[in-house]
Amino acid sequence: MLEYVLYSLLNSLVLGMLLFMLSSGLTLIFSMMGVLNFAHASFYMLGAYFGYQITTVVGFWPALFIAPILVGGIGALVERYGLRTVHKYGHVAELLFTVGLAFIIEESINLIWGRNAVTYPIPAALDFPIFTLLGSDFSAYRMFMLLTSVGMFVGLYMVLTRTRIGLIIQAALTHADGVSALGHNVPTVFMMVFGGGSALAGLAGVIGGIFLITEPAMAATLGPIVFVVIVVGGMGSLTGAFVASLLLATIQTFAVGIEYSLTDFFALFGWQVDTMGFLKDIWRIQLSHTGPILPYLFMVLMLMFRPKGLMGKRES
Amino acid sequence: MKRYLKQYGIWLAAAVACTILPLVFNSGFAISMLSQMGIAIIFALSYNMLLGHGGMLSFGHAVFYGLGGFLAMHAINWVGDGLPLPLEILPLLGGLFAVVCGLIFGWLSTDRAGTTFALISLGIGELIAASALMLPGFFGGEEGVSANRMVETTLTGFKFGRGIEVYYLIAAWMLICVALMYLLTKTPLGRVANAVRDNPERAAFIGYNARVVRTMQYTLSAFFAGIAGGLFAITYEIITAETVGAIPSGNVLMMTYIGGVGHFFGPIMGAVLVTMMQISLAGITHAWLLYFGLLFVGMILWAPNGLAGIIMMHEPVWKAGLMSRLLRAYGVIAIPTLVLFIGVMILIEINYHLSLSVNPDEPMSLFGMTFHAQSPVAWILSIVLIAVGFFFFRKAQQVVRDSWNEVTQLMKGGA
Chain A
1 MLEYVLYSLL NSLVLGMLLF MLSSGLTLIF SMMGVLNFAH ASFYMLGAYF
51 GYQITTVVGF WPALFIAPIL VGGIGALVER YGLRTVHKYG HVAELLFTVG
101 LAFIIEESIN LIWGRNAVTY PIPAALDFPI FTLLGSDFSA YRMFMLLTSV
151 GMFVGLYMVL TRTRIGLIIQ AALTHADGVS ALGHNVPTVF MMVFGGGSAL
201 AGLAGVIGGI FLITEPAMAA TLGPIVFVVI VVGGMGSLTG AFVASLLLAT
251 IQTFAVGIEY SLTDFFALFG WQVDTMGFLK DIWRIQLSHT GPILPYLFMV
301 LMLMFRPKGL MGKRES
Chain B
317 MKRYLKQYGI WLAAAVACTI LPLVFNSGFA ISMLSQMGIA IIFALSYNML
367 LGHGGMLSFG HAVFYGLGGF LAMHAINWVG DGLPLPLEIL PLLGGLFAVV
417 CGLIFGWLST DRAGTTFALI SLGIGELIAA SALMLPGFFG GEEGVSANRM
467 VETTLTGFKF GRGIEVYYLI AAWMLICVAL MYLLTKTPLG RVANAVRDNP
517 ERAAFIGYNA RVVRTMQYTL SAFFAGIAGG LFAITYEIIT AETVGAIPSG
567 NVLMMTYIGG VGHFFGPIMG AVLVTMMQIS LAGITHAWLL YFGLLFVGMI
617 LWAPNGLAGI IMMHEPVWKA GLMSRLLRAY GVIAIPTLVL FIGVMILIEI
667 NYHLSLSVNP DEPMSLFGMT FHAQSPVAWI LSIVLIAVGF FFFRKAQQVV
717 RDSWNEVTQL MKGGA
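If you're matching them up, the sequences are chains A and B in order.
Sequence positions in the first sequence follow this note's numbering and run 1 to 316.
Sequence positions in the second sequence follow this note's numbering and run 317 to 731.
Among the clues, some could well be false.
Computed cross-link-like contacts, DSSO-like style, restricted to lysine-lysine with a CA-CA straight-line distance of at most 27 Å [said to hold, decoys possible]:
no., chain 1, residue 1, chain 2, residue 2
1, A, K88, B, K322
2, B, K711, A, K88
3, B, K322, B, K475
Calculated Cβ distances over 10 Å to all of chain A for the following chain B residues [stated by the list, open to error]:
no., residue
4, A434
5, M450
6, L617
7, V693
8, L697
9, F708
10, S719
Please keep in mind that the hints were generated in silico from the structure rather than gathered at the bench.
Each residue gets a CB set at the ideal place from its N, CA and C atoms; glycine is no exception.
Bound conformation, chain B alone (with noise of 0.2 Å):
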């Protein structure tokens, strides 16, 4: 009873968590983000498949969520002109109709890894982005294909009005997406994969055809991305040519790398923050974009392994009860990166507000405080907080790279 409740205990619990938020936080607002969240986790995990586990960066993810969203789209369609199919497994449609592309676009591009593999994925995101709006029977030309949810055959008898039964649903289809795609890192082909990732030359000699390999993971990708796919296309109600595009490529890119890639988890931490961050930010201010940005940016250079990688990074500490001397370290780093960030912040505000805003002459409101943008002493505040926070930021790099070479010494000591 006890090793299955260590095995499962965490799958349970993900179920209970998906079960009680929506009850918790039910606001309409809150569900559409939970929501979206479900989305973007399976299609961050699936874009993982490519880039953590099978070591192929793609610029072209967003094909087949995209495709498998318009499929999953025209199929709503059919159902509703009398089609006997439950709306329930239509993005399962969609993930089949991936399945499909995913056989030719990975055949096409997987002969190499590396940058090859990347420019052909990038050719393939704009030929098909390129190709939506010549094709307008499919893809719906510039207003996109709409369809109405509430149709008659439903497995649960949900009829699909409100927001929190189409949560239920992506909750189910997240969940069962999310248990395949780690079992899938337990199968022969997961372990092949990352074999193929490592070294395909050796991959090779031991009787594994690389292209073949990384074909299977490609389209198994497509599949879960074709599914994320149909239940963006169930939630919104409609989709347009945008969505096999640029943006949500670089979008999952973007989100797989915060989350990190080397940890199964990562990708669920990356979505469910950069979900968060573009809902709520984008409220907040216009520049959400660049503090993305940033971010990307900032974990690039100093957190290359993400936020999994980060957390990882501190298990073994944690173990061994160090944590505390590590806390002090970053309590003193904390201090000149708040000073860093606001300086920054109100520089860019500042700007916004200058560039963007209906009238620039009237007075702007920042943390409570209403002054005018053109006013020096904001100009003067915020550079003044941005050479005293990156000087300092400097030195407290100092101490905390000291305090961590203290603790792995203390750790290699005690072991």
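Chain A on its own, in the form it takes in the complex (with noise of 0.2 Å):
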């Protein structure tokens, strides 16, 4: 038991810090522009791939740094020939418009590198277990992705509030006009922000890639999670994103171990509930298979009940 729930843990806390590298990004984004952008999880495939082909040809380490940057480059230009020239239509269009981008790249990935999952395996320098704890190891490669992630959340915070660039970030996403009066050229730190954004989420995807799977399907599958993640912890606030990537990553991983089922629950307090019927389904659901619909369900109640999520401060 205490081995469960010291790996879930431990586990938990690296699912939820690659979380928090695409959700990040994501709510800068969003609590600068007001769109969600539903191609956020696409540049983070985008990431993976990228990471893939370039380790096949110069090795890993120097994919972990050029990939981000190539995948940077491409959002700076989505946002200063795409979103910029959609802007003038509203919200809608922009928020179709990345929609309708998500779409291209999950084609371009099957047209490029094929409909399968590629292989992208932990490179060789991290494939060894760090350390044995009660009879189980720790691969070195998940610590790695932990110190990369907490090295990426103190650098960006650094970057937020002791630069200069930094400053001028935090009173755009507010006060856009004030700053450009003050005459800097707020066009181009959305670029920029947009550019950053995306290379946080290329760089979750270069060590995501290896840790999770490197498939065209792996953007539709962590997207809608990602917004889950920024809307409880409310849109536009960092720490809130922080917060909410691992108590969900905390929530999925311990709901996977847990077996148990409503007629269980009951049978605790001596209630026998009938298990035919037609509500028969219901009561024999395990708690181990909520795990796809819990993220859902914890969105929704909080959309309804506390829109502006556990920390935000406006309401979308």
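Join the two chains, each given in its own frame, into one complex according to the hints.
Shown next as structure tokens:
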């Protein structure tokens, strides 16, 4: 039991930090432009595929730097030549533009790398157990993921709060006109933030593609979860995104291992429910099977009862 | 007489067209395509009740399509077991079930419009899609639910063994639904829904509860989506959990947007065009989804009002008799567009051949020419075509813009 709890905690920490790497960029972009970027998870997928391709040519360590830069560049171009053009047609058009972009990116990945998953193995330098606790190994790669994402979190926090450019970004998020009047080029700031957010998603892809799986459906699987994270955390709040990432990862990791159903729950109180009849399916669902729906349930409830999320300051 | 003809002529023409079309295009393929179009028209129009008329961007509209379809499918089985209901009205049952679900989900999600609504609809869509696999009693698990539509009790005496009989059922339901949805835009509810879309605060000031109005619009839209789902069940006789998922939801969104959300007939055009593309392009090339995505993004970038918007934009020009001036400019832009498109197409097809075909070394054929996908000639040709096409496309855009300005000036001068 102790082993299960400990390893579930460690794994949810790894997954949670990966989610945070994705959601931090998305939430920054949202608070800046007021538009949910449906293509954000596609940038994560691009990062994974670029990482895979560059790894096969020059190795993992250069890929770790080159792939995010490439993805960030693509993101900046998308903002400059796509979103900025659509902006005049309103929010719905902007949102749908990102939906269409996600569609095109997924199909282009199919086009170039095929429909099956690619083999993107753990780099040899990190392929060993770093410590053994209670009889189970914890791999060095997971530790590396954890360190990278913590490093990214600290770096992002430092840039946003301790540097001049961070101050300008923070000001531009809330008072774009004022910042513009002070002589800063706000559209360029927007482009940089969009590119930066995409680069973070790309970085998450390079290391997450190894951890999870690198396939054309990876964006569609992770995309909605990232939305859940930023909704639950509060749209536009970095701290909220951090807390929500860890929370969701923990819920998902723990739910997988718990095999209780409503029937078992009522049995605790001595009630015997009728497991036949119209509602028989509902009584039989085990908690471990609810893993896929829990995040969405969480999101819908949050939006209905507290639309600004855990730590958000404003409603959408 | 003349007045009536002017008012109802278009409906009469539509009914006649629906009757004659399957007699002209009478192959099995064409009839199944026409049936799909009919279903898609109902579905897309019901979606536009949300997006176009109510200002609610939904990412989970297929929930009602799928739930209606599942209920209708169970109903066909009940009829087969002796329930005394004719097959023709079973889509109505699907619609009514969707109304019940629509009332619940609608009330829960319509407190706010905009991003909050969009996200709740996404959440509900994913929730239903994920629970579909957990509730095998209703959704049939992995293999879905199937039924045999050739039941004893029918109103019309049709046995529904042949595709054309199913087509006429769909066409009848489609005409009824389209008429109802059109009439709905003329009712006070339809007008207030527009008001709530444009300015919920002012609508609230004159005494309308925005949430109630949105919920009613949402529920009615769910009703028509449920009918479309019921017709789907009758047509295919099998329905799986994918029907409630994100793919049909995204599909109907794209159809409606490509057709144009600003005009009533927009989604009809979108449904017809997209269904045609889905069926015919899918047979020609594996890359059709990519072309479809490019079309969608192209529409957002250059024609945000959709096909209907393009047509309506030209109506005053046509009436002023200045179409010929515009056509010249369109002729100028058509050439580089075609060159650009052919270049992109060659590039896409080469890549698909290399990554997805069984043996990439085999020669491929395109436009009747056979060549090796690895040959540098094809690559260079496609890149040159794209570059040249793009360059002249930008130039021609200016020509079109100038000619539009000229026409606008002339129309202003004439008025």
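In rising order, the numbers of the hints this structure does not comply with: Violated: hints 1, 3, 4, 5 and 6.
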